[in-house]
Amino acid sequence: MSDLGDLYQQIILDHNRNPRNFRAVPGANRTAEGSNPLCGDRITLQVRVEGDLIRDIGFQGSGCAISKAAASLMTGAVQGKTIAEADALFRSFHDMLTGGADAPADPKTLGKLAAFAGVRTFPARVKCANLSWHTLHAALENRAEPVTTESPSD
Amino acid sequence: MLDTTTVRADFPILARREHGHRLVYLDNAATTQKPRQVIEAIVAYYSTTNANVHRGAYGLAVAATEAYEEARRTVARFVNAWGAEGVVFTRGTTEAINLVAGSWGRANVKPGDTVVVTAMDHHSNLVPWQILCQEKGATLRMVEITADGRIDLSDYGRALEARPRIVAFPYVSNSLGTVNPAAQLTKLAHAAGAVVVVDGAQSTPHLRVDVQALGCDFYALSGHKMLAPMGSGALIAKPALLDAMPPYHGGGEMIERVWDDHSTWNKIPHKFEGGTPNVEGAVGLAAAIAYLEGLGIDRVAEHEQGLARAAIERLEQIEGVTVYGPKDHRAGVVPFTYGDIHPHDLATILDRDGVCIRAGHHCTQPLMRRLGVPATARASFYVYNDADDIDALVDAVRKAGELFGAVAD
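Same order as they appear, the protein sequences are chains A and B. Residue numbers for the first sequence follow this note's numbering, so the first one is 1 and each next one is one higher. Residue numbers for the second sequence follow this note's numbering, so the first one is 1001 and each next one is one higher.
Rather than coming from a laboratory, the hints here were simulated on the basis of the structure. Just so you know, these numbers come straight off a predicted model, no measurement behind them. Using N, Cα and C, we set each Cβ at its ideal position, and we do this for glycine too. Keep in mind that the hints are not guaranteed to be accurate.
To be verified - Some, not all, of what chain A presents toward chain B, calculated at C-beta under 7 Å: (1) Tyr8; (2) Ile11; (3) Asn36; (4) Gly61; (5) Cys64.
To be verified - Using C-beta positions, here's what the derived DEER-type ranges look like: (6) Ile1318/B / Thr82/A: 56 to 62 Å; (7) Ile1318/B / Gln10/A: 31 to 37 Å; (8) Lys1399/B / Pro123/A: 18 to 24 Å; (9) Pro123/A / Glu1040/B: 29 to 35 Å; (10) Arg1370/B / Ala124/A: 26 to 32 Å; (11) Thr44/A / Val1043/B: 47 to 53 Å; (12) Arg91/A / Asp1260/B: 55 to 61 Å; (13) His1019/B / Arg91/A: 45 to 51 Å.
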């Protein structure tokens, strides 16, 4: 049970049960859908970007505890951050998940996201933890596209 | 019930330890494990008999061809096919259905025609028909299911009013375990003038199949779901239909004579077996059939249905567990959810106790939408499963409940 406890830490179970920012975002100017076609996880991410800043972010959809808690904690972690800061966080998070059992999970950089360190010993679940981050990346990449650059708040 | 101690000794993989536990393999609807009799048949084929079939003038090639054709006769006998010439070896059910859609369908379905499928069809008995209908400008009509997971016969009747060209359905649902009244469905479809395609991926391994008694026109099966190697399978067809169909794959073996700009076709079933076939797969499939016949297919059915009934009873005692599918007429497939615990999390937690189940949509997304769930957990049984496996399953499910705390419905 101990390694299951590493995976399903209390903070992850809590965010699964009571996901934060599980809502539509008023005035969102970035949207992306992420799905895990093999297992059916699906999230819709909405972001309001002002200048270089992630002003507001929310997600909706359904998924397993890992993907839901990851989306919940991700939205909390990047809210109010610049896009560059969010990218840097994604890289650290990604490195933690894929770096093997000995990869350092730097609590200073990752904060609460370090709770996902246990996922790396469950290779089948890494994609669940990464889904919302990849979706964020896709949402932010949209910035060059006409549909979002025309947004009044941009 | 089968003597599982003897059966289990035939399956080398069951000696594997998973996270320190006995391997409890309950994902048999996805694929089955292989007994040493099948593994040894493949080794023996490559050790003693391997050559390319149907072309060598030497003794070894004749022996390889004989092994391959003997396997075809074995498959024909096992499902009571119309004849060995009505058995086309394929990579599995998916290829068999694509063959029917790509050959019979393309030649016979016209714009405005209707093709009927059901809401419980596996994607392999849905997507080929979607592609065909899109190409031909035909209508795809999906028959609804009842709340307890059976084909809705009144909606089926309404669908047949369109006088469809093709009616396709699964004999046994891979997601629900429902055993459909295939002979009755076939009779009704024939009365409406349709050609009937039965997905036999989940029925052939688990119950006695007699395609002539079913009366269908095409029947598809997969070897790997019945103890045989992956990449083995067959399309069983009425020879007259097969004979009138255009080829599916062009290449060697399927031709009679080849000219610069055209060719003539080999006899059935070879007309549909372009290229060097999976002889190893056919030989392994024949060995698997011999193994199943040794156990007795009726006893196999009884064994796994007994396990499924016991598992359902035990799981339903856990507060918050919902089991899907009909109360009776079901095979050894047990789909369930547990409160708000996502099936993927269940599968991960069970895996740590060595219990392998499937979690997801089981290649039946339209069905999942109708059940109102994104995914289910699914335990499915076969010849080597026993009461200890059910204990391990139920204990691990309870453990998941404890880990996730009070389960809200």
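- Task: Provide an ascending list of the numbers of those earlier hints which the structure does not satisfy.
- Result: 2, 3, 4, 6, 7, 13
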